[in-house]
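Undergrad: Now for the letters of each chain:
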Amino acid sequence: MSATPLLRVRDLSMHFPVREGVLLRASRFNRAVDNVSFDIQPGETLGLVGESGCGKSTLGRCITRLYRPTSGSIEFEGNEISKLGQRDLLPYRRDIQMIFQDPMESLNSRHTVGDILEEPLIIHNIGDRAARKKRVLELLDIVGLPSRSMSRYPFEFSGGQRQRIGIARSIALNPKLVICDEPVSALDVSIQSQILNLLVSLQREFNLSYLFIAHDLAVVKHVSDRIAIMYLGKIVESGDGHDIYRHPKHPYTTSLISSIPIPDPHRRVDHQIIRGDVPSPINPPAGCSFHPRCPRVMDQCRHKPPSLREVSETHDVSCHLEFES
Amino acid sequence: MKEALLEVDSLVTEFDTDEGRVRAVDGVSFSVRPGETLGIVGESGCGKSVTALSIMRLLPQPAGQIAGGSLLFEGRDLARLTIPEMESIRGNQIGMVFQEPMTALNPVHTIGRQLTEVLLLHKPLSTAEAMAEAITILNQVGIPSPEVRMGEYPHQLSGGMRQRVVIAMALACKPSLLIADEPTTALDVTIQAQILELIRQLQHELAMAVMLITHDLGVIAETCDRVVVMYAGKVVEAGTVKQLFDEPKHPYTKGLLASIPTLDTPPKSRLSVIEGMVPGLMDLPTGCRFANRCPHVKSYCEEDSPTTERIDEEHRVACYRWEEI
Chain A
1 MSATPLLRVR DLSMHFPVRE GVLLRASRFN RAVDNVSFDI QPGETLGLVG ESGCGKSTLG
61 RCITRLYRPT SGSIEFEGNE ISKLGQRDLL PYRRDIQMIF QDPMESLNSR HTVGDILEEP
121 LIIHNIGDRA ARKKRVLELL DIVGLPSRSM SRYPFEFSGG QRQRIGIARS IALNPKLVIC
181 DEPVSALDVS IQSQILNLLV SLQREFNLSY LFIAHDLAVV KHVSDRIAIM YLGKIVESGD
241 GHDIYRHPKH PYTTSLISSI PIPDPHRRVD HQIIRGDVPS PINPPAGCSF HPRCPRVMDQ
301 CRHKPPSLRE VSETHDVSCH LEFES
Chain B
1001 MKEALLEVDS LVTEFDTDEG RVRAVDGVSF SVRPGETLGI VGESGCGKSV TALSIMRLLP
1061 QPAGQIAGGS LLFEGRDLAR LTIPEMESIR GNQIGMVFQE PMTALNPVHT IGRQLTEVLL
1121 LHKPLSTAEA MAEAITILNQ VGIPSPEVRM GEYPHQLSGG MRQRVVIAMA LACKPSLLIA
1181 DEPTTALDVT IQAQILELIR QLQHELAMAV MLITHDLGVI AETCDRVVVM YAGKVVEAGT
1241 VKQLFDEPKH PYTKGLLASI PTLDTPPKSR LSVIEGMVPG LMDLPTGCRF ANRCPHVKSY
1301 CEEDSPTTER IDEEHRVACY RWEEI
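Quick note, the sequences are listed as chains A and B, same order. First residue of the first sequence? That's 1 in the numbering used here, and the numbers climb one at a time after it. First residue of the second sequence? That's 1001 in the numbering used here, and the numbers climb one at a time after it.
In case anyone wonders, no lab produced these hints; they're calculated from the structure. Please note: incorrect hints may appear among the correct ones.
Taking lysine to any residue and the SDA-like style, the derived pairs with C-alpha atoms no more than 20 Å apart in a straight line are [stated by the list, open to error]:
#1 K1268(B) <-> E44(A)
#2 K1254(B) <-> D264(A)
#3 K1268(B) <-> S37(A)
#4 K1268(B) <-> V189(A)
#5 K1242(B) <-> D264(A)
Whenever a hint applies, use it, and build me the whole structure from the sequences.
TA: Written out as structure tokens, the structure reads:
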């Protein structure tokens, strides 16, 4: 194993209580994230893929500590942050930043772009007024917006430009890790590639690590070094991008990849369509949570939950099937 | 060539807004032939949905108006029909599926009531016969235990199931044309594959034509026979799906195809981009609407809008320089 990873997550769970009845007692729990473990190295992108409700955004929010996880550990540069209080978290907030899906809802519409970009600098007590203004101009330049944007309001910008503002804000404090939660899914195709190029070049320039959360597999494959596939709160397969796409092991990953429409009319393939819907994380199926939809389900899958195991040095899968490495 | 089922000729649709009249669709022409799938692709605001709403005569009233052109459907001009005449066609000979299945369904009525409503409106059936017919249709769109579902409300169904109900409603009267406006955009990729397969299978069974509106070039490549590419209210290119993907002629189509990451693009490589953004409908340029983003622009492109030229029977393009670039 190499040096300490930038981020080390072990057995992380986030269970939200479902309050019901007259007394609003939490008798059941929504297991949004359930025993998830992974590492992110400096300068690396981990892509996190899954369908709506699989817990990928909740996982991102646990790492930025917008949520306090139910159990498990989050180590950032070797320091445990999963149970820290707000004040103790402040230094880590500088290092871990977030880019949101909807750039309109994540920017305060009553503040100018200058105010929005300056706010993190004020909170963290960085520089005087003049220095902060200089930094704001520098940030606008880095993300490719004109300096006159400073005095304008978010509504005056298009979706792609707003996402550039969101990106500028996230790198204002020179973070080490940026959680990108569906950063391009609200954008048009021609704008999407502009933003992806910007994210990749920022990573090179500032040695950023990304946790890149998305449901579009082609986009995730494009930006990621390694990929983890989530289903119903658990990571079912992880490995480097090539392994996952060319040699997927888990039946869920296989059908997920097969479901992507390919933009090439000469390659109309038969999709391996998985039947049914994702079950509720409040009452997940016993055994392997994918078993009710799995085309290769076996007897033991119905009662014995599989755990993540190695199929090769860079490829882990959580499934009872036998695989050759 | 087969006789067209729907012939849209020089359609112009305008909206009254606070800032004056805007032309959302400007001289759009295309045809849909019986039994085929025609794709309409373009980015937000290009007028693809407004074109569909014009055909269905469902433009928001009183702001939206068809200001010119004709919409010949089975020999009748839809643009000139009275409201009762249109009502007898809508939902009967032309069905429509919308993007968001939750807003397309009435939340306070049961599935059964909404489904029988369309049948009772267009067919001489008794309530009991309509109920029986509705159950058959729900079965046909792959809804398990349809008798139970008939008594349920939209919120009790998952997104994919809701979209199946919307498709069932659109197809209840066995229309000869189905207009599907981004039918899978709100759905997860595995559910998208299920819904696209369902539309394909029903299209085959009912020998119906489908007009599929989407921004996803993968979906276009997999499902369509012919494609129309729209940009800022105009058709910039049209042809068979193979012509458009193999030999795109318009710089916009070329740029769009080049900018999407596929599973084969090398990770973190620079994606080609279309610089800049779509002009606003309030300040459209006098010349070619793509001129400000076009890598091949010449001064004459900015003076006059190019007309549509035919390359062959199917392929047409609106660009001055398509032969040289």
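Undergrad: Could you run down the list of hints and mark each one as holding or not?
TA: Cross-check of the supplied hints:
1. The suggested pairing of K1268(B) with E44(A) holds, with an alpha-carbon distance near 11 Å, which does not exceed 20 Å.
2. With a CA separation close to 14 Å, the supplied pair K1254(B) and D264(A) stays within the 20 Å bound.
3. For the suggested pair K1268(B) and S37(A), the alpha carbons sit about 25 Å apart, so the restraint of at most 20 Å is broken.
4. About 17 Å separates the Cα atoms of K1268(B) and V189(A), which keeps this hinted pair within 20 Å; it holds.
5. This hinted pair checks out: K1242(B) and D264(A) have alpha carbons roughly 8 Å apart, not beyond 20 Å.
The earlier numbered hint that this structure contradicts is number 3, and it is the only one.
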